[in-house]
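Work the whole structure out from these sequences, hints included.
Chains as they are written, first to last, in our numbering: chain B, 23 to 307; chain H, 13 to 886.
Hints listed in this document are in silico derivations from the structure and should not be mistaken for laboratory results. It is possible that some hints are incorrect.
[Claimed, not checked] Here are some chain B residues pointing at chain H (derived, C-beta under 7 Å):
1. Pro209
2. Pro244
3. Thr247
4. Glu252
5. Ala274
6. Ser278
[Said to hold, decoys possible] Derived BS3-like pairs (lysine-lysine); straight-line CA-CA distance at most 30 Å:
7. Lys165/B to Lys55/H
8. Lys139/B to Lys113/H
9. Lys41/H to Lys139/B
10. Lys137/B to Lys32/H
11. Lys55/H to Lys137/B
12. Lys55/H to Lys170/B
13. Lys562/H to Lys152/B
14. Lys34/H to Lys165/B
15. Lys250/B to Lys719/H
Every residue gets a Cβ at the ideal spot worked out from N, C-alpha and C, and that includes glycine.
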Amino acid sequence: MVFFYNLRVLLLSAFVVTITTINSFGQNHRKPDPIEVMCFYNVTYRPDSTDMDYVLHEEFTLFIGADTYQSQSSNSLIPFLYINVNDLDGFLSAMAQGKIPPTRFNSTHYINNPKGKITSIENIGMTEYKYTVPMESLQWIIKPENKKIGNFAVQKALTTFGGREWVAWFTTEIPYSAGPYLFHGLPGLIVKISDTRDHYIFELHNISNPEGFEFIEIPDKPRTTLSKAEFFVLRDRFNQNPHASLMQSIEAEGASLTFDDPATAQRSANEVARRRNNPIELKAD
Amino acid sequence: MFLLFILFLQNPLQSQTVLKGKVRDENQKPLSHINILVYPHGKQNLIAFGISRGDGSFEINLRTATDSLRLEATSVHYRNDSLFIANTSQEVLFSLVPETKDLSEFVVRASPIVQRGDTISYLVSSFARVQDRVIADVLKQMPGIEVEPSGRILYQGDPIQHFYVEGLDLMGGRYGLVSGNMPHRSVATVQILENHQPIKILEDRLPSHRASLNITLKREVTTTGTARLGSGLTPLLWDANATPMMFTRNFQLAGSYQANNTGNDATRQLDALTMEGLRDRMENNLTRPSVLGIPLLSPPGFNENRYLDNNLHLLNANALVRLPGELQLRSNLHYINDLRQQQGNTRRTLYTPSDTLVFDEQIHNELRDNALRGEFTLTRNTKNNYLNNKLEFQTYHNQQSGNFTTDTTASVQNLRNPFHTLSNRLNMVKPIGEKLVQLNSHLYYDRSPHQLAIAPGRFEEVFSAGEAYDKIIQQSNLQRFSATHSASLSLGWRRWSITPRLGFQFQQQHHSSNIVTQTDQSSSEPGENFINSLDGLRTRTYLQTEWLYKRGERFTFTADIPVSHIYIQLQDKPLEREQQINRVLVDPRISADYRLGNFWRTRASWSYRNQLGEMDGIHYAWILTNHRNLHINDAPLQESQTQSFLAFLGYRNPIEAFFSSLTYMYHIRNNNLLYTNTINDDGTTLRGAIELQNTARTHNVHARASKYFSRIKSTLSAQGSLGLNIQDQWVNEEIFPGKNHTLTLAPKANIRLTEWMNTEWSAEWLYYDTYRDNVKLNTVNRMKYFGNLLFFPARNQHLAITGEYYQHENLNNYFVDLQYRYTITARRIDVDVRWVNIFNHKTYHDYHIGPYSLMENQYYLRPTQLVVLVRFSF
Chain B
23 MVFFYNLRVL LLSAFVVTIT TINSFGQNHR KPDPIEVMCF YNVTYRPDST DMDYVLHEEF
83 TLFIGADTYQ SQSSNSLIPF LYINVNDLDG FLSAMAQGKI PPTRFNSTHY INNPKGKITS
143 IENIGMTEYK YTVPMESLQW IIKPENKKIG NFAVQKALTT FGGREWVAWF TTEIPYSAGP
203 YLFHGLPGLI VKISDTRDHY IFELHNISNP EGFEFIEIPD KPRTTLSKAE FFVLRDRFNQ
263 NPHASLMQSI EAEGASLTFD DPATAQRSAN EVARRRNNPI ELKAD
Chain H
13 MFLLFILFLQ NPLQSQTVLK GKVRDENQKP LSHINILVYP HGKQNLIAFG ISRGDGSFEI
73 NLRTATDSLR LEATSVHYRN DSLFIANTSQ EVLFSLVPET KDLSEFVVRA SPIVQRGDTI
133 SYLVSSFARV QDRVIADVLK QMPGIEVEPS GRILYQGDPI QHFYVEGLDL MGGRYGLVSG
193 NMPHRSVATV QILENHQPIK ILEDRLPSHR ASLNITLKRE VTTTGTARLG SGLTPLLWDA
253 NATPMMFTRN FQLAGSYQAN NTGNDATRQL DALTMEGLRD RMENNLTRPS VLGIPLLSPP
313 GFNENRYLDN NLHLLNANAL VRLPGELQLR SNLHYINDLR QQQGNTRRTL YTPSDTLVFD
373 EQIHNELRDN ALRGEFTLTR NTKNNYLNNK LEFQTYHNQQ SGNFTTDTTA SVQNLRNPFH
433 TLSNRLNMVK PIGEKLVQLN SHLYYDRSPH QLAIAPGRFE EVFSAGEAYD KIIQQSNLQR
493 FSATHSASLS LGWRRWSITP RLGFQFQQQH HSSNIVTQTD QSSSEPGENF INSLDGLRTR
553 TYLQTEWLYK RGERFTFTAD IPVSHIYIQL QDKPLEREQQ INRVLVDPRI SADYRLGNFW
613 RTRASWSYRN QLGEMDGIHY AWILTNHRNL HINDAPLQES QTQSFLAFLG YRNPIEAFFS
673 SLTYMYHIRN NNLLYTNTIN DDGTTLRGAI ELQNTARTHN VHARASKYFS RIKSTLSAQG
733 SLGLNIQDQW VNEEIFPGKN HTLTLAPKAN IRLTEWMNTE WSAEWLYYDT YRDNVKLNTV
793 NRMKYFGNLL FFPARNQHLA ITGEYYQHEN LNNYFVDLQY RYTITARRID VDVRWVNIFN
853 HKTYHDYHIG PYSLMENQYY LRPTQLVVLV RFSF
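Written out as structure tokens, the structure is:
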């Protein structure tokens, strides 16, 4: 789901398009929701279920607004730090020098946006898709166990989501009904959540006032809308033959791409897809 | 609307309690998003909860054995409120008092895992193990730091932003070269700089949560590097590449030396493919002048390893120096020495109104490049300004020589085409209020004193009354200076966003040329008809404003209405000729994008462009551009107006993995000049221009479709296009409409046969017809077929077999290459075996078509070759 090849030039042109279409920010019809608090979670995860020693780390950022939440990997926000101040050149030069770090989590989730729904925007290859699910899809069971994480008194809750059993520890001391990824709906902030096999572990490490970002809003740009089930079909199909799928979408845009060393490119694309056999959501609920 | 969560706990025999209720504020306004927590009386374990909806209501179902319950309403914006009730179904009302909970309260209580705001230092000697060699090995042992297999370094799960050595960022994003090679024994400490914003002017605007890593050195000087060595047959081949590096506290250097004669044109890596570079080239329009040239064989359109007969040496040095006053100077020097040889035969067929002329030539060219390029970038990065100044020079001492032999004549051409440039570019970002304003300035100077000598002399009727003579020498000297300044910012208003950019460009140049003819004894100058001394001046003031209008996710409208004022003055004093142009030009461009449903997309655009000819194009006296062409342009400056229409219809259905599109383009171009060609019986051409309004039209239809088939894990695709081009031609005193048709078809497949085998196939068929006055001159058919088989027998190996087949008319060309790579993972060594042109195909044929000519080329290729390459670090 991530861009596999080291094609800076191509990425550049893709982002120029993004930047010029997004730079007309603030034009959403829906009133943007001001961010009240930002929460940061470390996520520790095992992307390859055949190699449990292969452990990676990233950070998730959760925006909490008056009415809605937004959650995504911190790395995926970095381009917006440039876009929001219209610094195209700064972005391009950072991009060209490889300073925009990639993320393994190519999705942004908007909770209660639109009302009662979760909107997810996720990339496959270079194409952006949107799917929406009702908020009721996450059902919690409260357990009596409680303990302390840091200085927070937390209580246990269970849910089933994306083909995994999840254990959450939430605190009523922070009465936001939010959490990392698209976890939400407990009567307090989620401090830690992990699946029962510890393939994905999110841990709160910081809470701060908003900085760099002011509002929660879904960037207003053309994208394909699918059902979540359809999206998962696409995702699995992409991983079958990532090289062919990626080339198909590049060529559908009228662009073309040739490789000096096609064997290495395809070998690494297959290898990367093979190593990413354990996504956070194994299936669409 | 936040929903309600129903919880079933404890045993099902207990009766169910339903708590309904409302939450309001003091003014009876309903409150949403309020948590209602349910506890058994006297206990701290939550047993059920609800969250109030948009109308303030909530409903909680619970089963518990306790007699009484404690209900608590919590929210960040209201004071918590508690109620004690009996465990029976009932209605509950909360009335909450506003109270903003101080956020810092939470922040303080959150025990941070990360200690923020400080520089953390790790002492390398206390982490290094016996088996560790380089700093990356030691970084893996340090808490919080990880090194991915790709070499990427993470701190607290986040990739680091910069990798500094003694505070200097020499390699940019390619720091893996440093971390993977630097011996850990030379490193004293590793420092993590948290919340590091590299561009200081953005510090308050763009806070960074990301860390950078800095290495401090033990010793004054540290050296390291990587190398690749290869050798092969036949004849003796070599391919070497070494990248040494050196680090000190205030000066750092990364160099590379590359040499090969295997047909690998390493100079391509030097052409920076950055956005900045592309924009530069487009705006300043400063290409290397090529008034004089020797006819080159057009290279075959395939992998250069098969035909490029080179002998290349390339030296490259990157250095970074820290200067006082927050300044850094980065320099980049390249030295290129290359000798390329081309051999082949050409057959030119020229269709004049009265005749068809055919000429055969054997060509042997030697092209020598000897160039030095340097770039010095000074960066100042402080809180209230960002400055980047780049000074660049290039000096090429290139020479080309060619032997052209026909059945009856032999001709030797020698071209010296040195080229020297000096340029300076300044970029500044300054905050003005909320907006950041960008200022750009570009100064440029170049000089190209070229000389072309042809022996024996050509165009005898012109230069020696039909008598043969020994040698003709054409000299041409072009000097140019330009200055461009521009400023831009972005504005927004309602659904519009506007980006104005204002600029001024000044360009001045001088072009002189002269011809000398030589016989055994004497040399003479044929006079003023062959001497140019042209001064040119061009100014351009422009205002570009891009308007963007968006409505929803479906509709986008953009308009770009650049207005420019152009003044051009050309003057040849000795010839007493001059001309001036003074124009205000508006080049509007509009486009609209509309998406129908999820899968259909339409786009239409129209543009109108005014183009003025290049000043270099005008010369009032004759210039011998090569042994076949004598050229004059005694005409007004070329002015043309082009209108372009585009219509696009696309259908992209990702669910079916089916993408298709249809595009139609139409260009109509009005020109004030028509170029004239007078073809002599010996194949030489006199080229000129006359003032005559003429119109060229181009139609093009392009269609493509592709589909991915899940069952066979394969993509099949095809594209085709149809083109029609009509343009007036002037050949030997006659004007006729030249017309050509093109039809191309290209199917393609990518198939993943098994886990360890991929294959790709494609073909391209081209049909090209040329007409004069609706009479067909000729037709060319060209077929290309391409296929490869890729095997991945193990994770550290692959084998690629590539085959290509070309058919031009009735001539066949086919090639098969083989590549095998083995990676010794533990030692990071790659071994590559490449066998190119296995069937030792010696020549390649192709065709090039002009409006009144047909060129058939036969290019001599490299013989079959086998090369073994090893890549390692030192």
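So, going through the hints one by one against the coordinates:
{"no.": "1", "hint": "Pro209", "result": "holds, 4 Å"}
{"no.": "2", "hint": "Pro244", "result": "holds, 5 Å"}
{"no.": "3", "hint": "Thr247", "result": "holds, 6 Å"}
{"no.": "4", "hint": "Glu252", "result": "holds, 5 Å"}
{"no.": "5", "hint": "Ala274", "result": "holds, 4 Å"}
{"no.": "6", "hint": "Ser278", "result": "violated, 10 Å"}
{"no.": "7", "hint": "Lys165/B to Lys55/H", "result": "holds, 14 Å"}
{"no.": "8", "hint": "Lys139/B to Lys113/H", "result": "holds, 28 Å"}
{"no.": "9", "hint": "Lys41/H to Lys139/B", "result": "holds, 24 Å"}
{"no.": "10", "hint": "Lys137/B to Lys32/H", "result": "holds, 22 Å"}
{"no.": "11", "hint": "Lys55/H to Lys137/B", "result": "violated, 35 Å"}
{"no.": "12", "hint": "Lys55/H to Lys170/B", "result": "holds, 16 Å"}
{"no.": "13", "hint": "Lys562/H to Lys152/B", "result": "holds, 19 Å"}
{"no.": "14", "hint": "Lys34/H to Lys165/B", "result": "holds, 26 Å"}
{"no.": "15", "hint": "Lys250/B to Lys719/H", "result": "holds, 21 Å"}
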